[in-house]
Each structure stands twice: as C-alpha cells, then as structure tokens.
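Heads up, the sequence shown stops at 145 in this note's numbering, and the numbers go up one at a time, no gaps.
For the record, the hints were derived by calculation from the structure and aren't laboratory data. Keep in mind the model is a prediction, meaning the values are calculated, not measured. Backbone N, C-alpha and C define an ideal beta-carbon position, used for all residues, glycine too. Worth double-checking, as some hints may not be accurate.
[What the hints assert, rightly or not] Computed Cβ-Cβ distance ranges for the label pairs, DEER-style: (1) M29 - I8: 31 to 37 Å; (2) S66 - I89: 33 to 39 Å; (3) N136 - F90: 25 to 31 Å.
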Amino acid sequence: MRIILRWIAVLPASILALFLSTILLTSVMPFIWQQDINVDGLLYQCLIGQANVFSFVLVGYKIAPSHKRMAGLTLSIMIILIQLIQLYIFKETISFFLEYIEWLSFYKNIGIIMICRYVFSIGSALYLYIIFKYNNDEDILKKIV
C-alpha cells in the first residue's frame, strides 16, 4: 500500500516542488545578493527556470519507489512539454515586446527574458533527460550535481 501511495504522490509532489522553488528563490535571493533584485531580470528568470526544472524532475525521481530512471525520463519529457506549451501560450506577449527592443537594453525586454528563460529551462530538462537516458547507475543524483 505504501508503494502505491508513493507512486500516486510523484506528480503532485513534483508540481508542489516546482511552485515552492519559485517561492523560495523569490524570497531568498534578495538576502543572498544583499540588494533589491529585479524579479523580471534576465539572470533571475533564467535561474528560476532552471530551479523549476531541477526541482520538478528530481523530487519526482526521489519519491518514486521503483523504476526511478523511467520516472526521471517521464518527468523530463513532461517538463519539456510544459515549457513548450507555455512558450506557445505566451507567443503573443513575446512577439509584442520584441518590437520594442532598444540597443543595449535587451536584458530589460520581457520578450527576450521569456525566451531566454524557456531556452534555459528546456536546455536543463534536456540535460536531465540525457542523464537519465544514457546512465544505468542507481544513484544518478551524484552525476547530476
């Protein structure tokens, strides 16, 4: 019964970890950098995108009672699809802001920031997918970090 409950908890725990990683980074980053941080900034959004991917996939991987490698592969594919769907949903917003690019202010343009965040997120998810796909070790977490 415990194994069944753990399998049921994989996806909800992964989704919860995705949201908690965003909340944690939003509240902790100003204390780490000791200054006001622009939450819409390029570096910050790329960092959040990567943290979301890693937390989503690795929490699900850790909770899965067996077939952890397959769970990691599945969650990696799921987060790639989620990111692609979000990119498609926000394509109007991105294309609107891309019209207003000023020289040397690209790091303030929300369209470019969103594109960079999704590129970093999808790249991180592909990295995790490749690790899970071509690694047969039991403890994959040592190779990821």
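33 to 39 Å as the expected CB spacing between I89 and S66, which holds or is violated: holds, 35 Å
Range agreement (Cβ of F90 with Cβ of N136, hint 25 to 31 Å): Between N136 and F90, where Cβ atoms are some 38 Å apart, the hint is violated.
Status of the given 31 to 37 Å range, CB of I8 versus CB of M29: holds, 33 Å
In this structure, the one hint that does not hold is number 3.
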